[in-house]
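There are 4 protein chains.
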Amino acid sequence: MIETHRDGEGRVYLKGWTEPELFSVVLREADEAGMDFQGFKVRDEDTLTQLSRDLRAWGVDVQEIPAGDLDHCGRRMQFSTPTGHRFELYATKTYTGPWGISEVEPEAWPRGLRGIRVQRFDHCQIHGRDIEAMRDLLSEVLGFYVTEHVIDDTGKNLAIFMSLAMKAHDVALILDDRHGTFHHAAFYVETWENLLRAGDLISMTGTSLDTAPTRHGITRGQTTYFFDPSGNRNEVFAGGSTHYPDQRPYVWHDRNIGKAIFYHHQKLSEKFMTALT
Amino acid sequence: MIETHRDGEGRVYLKGWTEPELFSVVLREADEAGMDFQGFKVRDEDTLTQLSRDLRAWGVDVQEIPAGDLDHCGRRMQFSTPTGHRFELYATKTYTGPWGISEVEPEAWPRGLRGIRVQRFDHCQIHGRDIEAMRDLLSEVLGFYVTEHVIDDTGKNLAIFMSLAMKAHDVALILDDRHGTFHHAAFYVETWENLLRAGDLISMTGTSLDTAPTRHGITRGQTTYFFDPSGNRNEVFAGGSTHYPDQRPYVWHDRNIGKAIFYHHQKLSEKFMTALT
Amino acid sequence: MIETHRDGEGRVYLKGWTEPELFSVVLREADEAGMDFQGFKVRDEDTLTQLSRDLRAWGVDVQEIPAGDLDHCGRRMQFSTPTGHRFELYATKTYTGPWGISEVEPEAWPRGLRGIRVQRFDHCQIHGRDIEAMRDLLSEVLGFYVTEHVIDDTGKNLAIFMSLAMKAHDVALILDDRHGTFHHAAFYVETWENLLRAGDLISMTGTSLDTAPTRHGITRGQTTYFFDPSGNRNEVFAGGSTHYPDQRPYVWHDRNIGKAIFYHHQKLSEKFMTALT
Amino acid sequence: MIETHRDGEGRVYLKGWTEPELFSVVLREADEAGMDFQGFKVRDEDTLTQLSRDLRAWGVDVQEIPAGDLDHCGRRMQFSTPTGHRFELYATKTYTGPWGISEVEPEAWPRGLRGIRVQRFDHCQIHGRDIEAMRDLLSEVLGFYVTEHVIDDTGKNLAIFMSLAMKAHDVALILDDRHGTFHHAAFYVETWENLLRAGDLISMTGTSLDTAPTRHGITRGQTTYFFDPSGNRNEVFAGGSTHYPDQRPYVWHDRNIGKAIFYHHQKLSEKFMTALT
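If you read the protein sequences in the order shown, they are chains B, C, V and R. Going by full-length UniProt numbering, 71 is the number at position 71 of the first sequence; the sequence numbering is gapless. Going by full-length UniProt numbering, 204 is the number at position 204 of the second sequence; the sequence numbering is gapless. Going by full-length UniProt numbering, 14 is the number at position 14 of the third sequence; the sequence numbering is gapless. Going by full-length UniProt numbering, 115 is the number at position 115 of the fourth sequence; the sequence numbering is gapless.
Every clue listed holds true.
Any copy, or any two copies together, can satisfy a pair, since identical chains are not distinguished.
Subject to a maximum C-alpha distance of 35 Å in a straight line, what follows is the list of computed DSBU-like cross-link-like pairs (lysine-lysine):
id: 1; residue 1: 259; residue 2: 271
id: 2; residue 1: 156; residue 2: 41
id: 3; residue 1: 41; residue 2: 93
id: 4; residue 1: 156; residue 2: 93
id: 5; residue 1: 259; residue 2: 156
id: 6; residue 1: 41; residue 2: 259
id: 7; residue 1: 259; residue 2: 93
id: 8; residue 1: 267; residue 2: 156
id: 9; residue 1: 41; residue 2: 271
Quick caveat, the hints were computed from the structure, so don't treat them as lab data.
The whole structure should be built from the sequences, with the hints applied where relevant.
Structure below.
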């Protein structure tokens with residue numbers, strides 16, 4: 001990703017090159033790894049006000065963080081989720097256009113990209129206890145819909161994947177007693193050949209690999225996972241199904257979870273299951 | 001594409017393998033090539049009723065075609081566009097799930113695919129006179145937004161590309177005195193390597209090529225064009241920018257239109273400019 | 001691979017589609033897995049006679065197997081190697097041209113390919129005790145040269161990779177007390193995207209996976225391994241360095257063997273190290 | 001390509017990153033474009049002496065250019081070909097190993113590559129009158145063999161493609177009254193995706209395009225052509241058949257030459273046919 005800004009508190013603002021606003025990820029120095037919050041942009045300030053009301057009506061406590069707490073970002077409405085995470089909504093962020101190309105007759109890609117050449121933030125996977133309430137909150141108030149889910153023999157949801165538009169998922173919810181924990185943030189590249197390059201770079205640079213390039217069963221996407229120096233797991237993700245709001249979700253059974261997650265190996269590694277932040 | 005149905009009038013219903021409903025394209029035998037109409041699915045029957053009212057309020061004449069005119073499709077609301085085309089809205093269509101894979105623990109792709117292995121219908125390009133009125137109709141009533149446009153030195157729009165969600169475009173509007181004409185329908189494949197395969201198959205099968213695999217400037221997508229036996233132009237399309245409703249459109253100037261359309265050749269062929277149906 | 005013949009003893013003759021002769025692999029039914037012998041074609045019958053003399057002069061016992069023992073194959077000169085394997089030379093085999101394309105104006109690829117679409121046999125990896133003597137035999141008599149090798153801290157060769165022309169290797173020799181054993185046969189596909197397809201098919205068909213698609217350090221090639229129903233390990237291999245006879249070999253140290261073999265994971269699986277036939 | 005040296009006469013020495021010697025291409029400033037000579041490396045100085053004798057015995061006039069005429073290169077044996085070109089043989093050149101990677105535990109590719117990331121020189125296409133005599137000289141004295149050829153209705157060779165080892169061709173000979181002329185030099189990249197990148201870069205940098213990325217019928221390779229600032233045509237080439245000395249050549253008819261050269265477009269451009277240097 002590309003560093004676009006640092007603020008007075010030493011926080012680093014980053015983005016993928018296709019993202020039209022100033023940043024999509026903010027890192028701060030901390031004693032332990034993890035995700036402070038995940039933010040979603042809404043259409044405009046009126047929508048932000050209305051959605052805050054809707055969230056409160058649904059029974060969620062919402063707190064307003066004034067503009068300026070993050071540089072280049074308007075007021076943010078923060079709330080705790082049934083999975084024990086902090087989510088935020090905002091409507092205003094500094095607009096810069098994609099990085100490295102013009103908005104007038106843009107070239108096909110920027111010349112100066114380095115490293116894995118991430119295009120954009122893609123999704124997060126978070127773990128917690130009440131994922132079915134989380135699903136209801138996201139679908140009833142915020143317009144998400146379920147694309148795929150994993151159930152046990154009783155039909156209970158062990159994992160729920162939800163999307164806002166056409167992506168295979170914008171958020172992945174995993175049932176887990178480690179309430180409020182974070183599994184990974186995923187960043188998008190365009191092709192399977194880009195994933196080979198990502199895997200090569202992870203190896204060349206001595207970065208801590210979690211899972212080498214392979215395919216997911218769920219989402220059909222292609223993937224590699226690594227740990228950044230803070231200990232957070234990152235995914236590089238490509239492809240993935242196009243999904244539609246009127247499309248029925250795919251169902252997976254937990255007894256075949258290995259193939260559902262890693263389509264080639266058909267089993268989960270200990271590290272993939274246990275390392276959360 | 002995959003043939004999924006033939007009706008009593010001899011019409012052939014087709015779909016790409018990822019499309020969850022019974023068909024996305026219907027072909028009928030006719031004396032001349034062309035597109036009868038383009039249909040868009042809306043959320044539900046209530047939305048269909050409301051949008052029909054909105055269209056009429058905007059000044060468009062809307063006619064209802066009862067369910068059953070097309071097999072497996074509910075009532076359709078048809079209207080003429082400022083570009084001289086027929087568009088339709090509908091809310092109900094027979095649901096089958098994607099072709100060749102299960103909705104329970106789907107494999108990554110179906111084994112029995114043949115030919116170019118199209119995933120889904122992607123977009124249409126249509127030509128006509130009043131594309132700015134068309135843009136207003138699509139954005140004000142139907143929720144489209146502009147992703148890219150081509151202007152002349154006076155700022156007049158010569159081409160407007162519009163999307164409904166995240167695709168680089170769902171419809172391309174070209175200013176043209178040949179009012180109400182059709183340039184191409186585009187079908188999606190996943191990768192540049194699939195496009196090589198498509199170009200190879202067009203050659204192997206003696207199909208009439210329009211443009212060999214290459215890249216577009218507009219959309220950044222990868223493309224090849226061919227003529228089907230009826231004389232209609234088809235595009236095989238891969239990649240393409242992800243666009244967002246809050247993203248500013250890219251601007252192209254008509255003086256550089258060659259590179260805008262064909263990023264490598266940087267010029268348009270006579271056939272690409274003149275063959276419309 | 002494509003079955004091209006069965007002989008009176010029930011042996012099955014196979015080839016990859018680009019191979020111009022009738023077969024490159026022969027399978028026979030047996031009580032246990034393994035490789036009977038590996039054959040190399042030489043220029044002509046005179047060369048075969050001369051090389052047999054050279055082998056004997058080097059100290060190898062050579063036995064002639066008359067034409068007709070294998071269908072469609074001339075006489076074969078068989079000898080035991082310092083690694084405990086049987087190698088053969090032959091000069092004559094039935095010529096058919098590549099499979100599925102004409103020798104006059106061939107299409108880019110055959111339409112009827114199924115499965116992994118292997119192009120050709122690529123190389124074998126064999127294990128045994130005296131790999132340095134094997135290296136000398138192959139280089140001094142048969143024209144091989146070393147492309148890469150793995151050494152321990154004393155400089156002793158633990159693995160030697162040898163090529164005849166421009167490939168990254170035609171044979172891999174591994175120092176191992178399990179004398180005369182067979183690790184894998186490798187078959188070539190053109191691209192990393194073909195390897196994704198191979199990995200997908202291994203999963204879809206319930207085939208026993210050994211290693212999911214990834215990159216090798218040694219050879220820079222891309223790879224996936226699986227076990228066929230007999231229990232023999234097969235590799236699907238793509239890419240790989242171009243090497244030249246006048247090029248110095250690459251050197252790898254056994255202390256970094258994980259990255260040398262599997263460039264992304266950087267470690268060897270137990271199964272990869274122990275399963276030999 | 002990578003600049004590795006400049007000599008006292010201002011000549012620039014270049015190489016692709018996988019090439020183990022100091023240079024594979026030398027450019028000199030000149031009043032007009034063209035190729036001075038093409039050199040082939042032979043095994044050693046004794047072989048060089050022997051081949052010079054063989055060439056003279058075949059009836060070719062051979063002149064020795066002493067070591068030092070080119071920096072870092074031993075003596076060169078130069079001769080005129082039946083097609084009106086200068087070819088050279090040499091045995092000694094400064095050895096550096098591939099560029100940007102170590103010969104001990106090399107990484108998969110060098111980090112610092114820029115531009116099209118050419119791996120190596122691949123082949124030349126040259127035009128002249130007596131290509132059948134040229135074929136005989138190359139096969140009888142220098143060990144080349146024919147991989148593919150184009151004939152007219154009388155069976156006369158209009159184009160002959162010849163290889164030394166396993167490549168689809170090392171030299172292409174075209175029958176042409178423009179005796180002793182040069183059509184293009186080709187440089188190798190690994191994948192079709194690299195060719196998309198090459199085509200993109202040609203467009204981005206305003207380089208003069210000859211042919212956008214596509215496939216050849218002859219060789220099955222993938223290709224794009226451009227003109228460098230001197231006016232010489234360059235090809236970026238990927239893939240291509242693996243060929244063997246004991247394999248029969250593919251035959252093409254001049255009446256279908258369009259598809260033979262450009263498998264997708266199936267026709268030759270005026271510029272491709274006329275621009276020679």
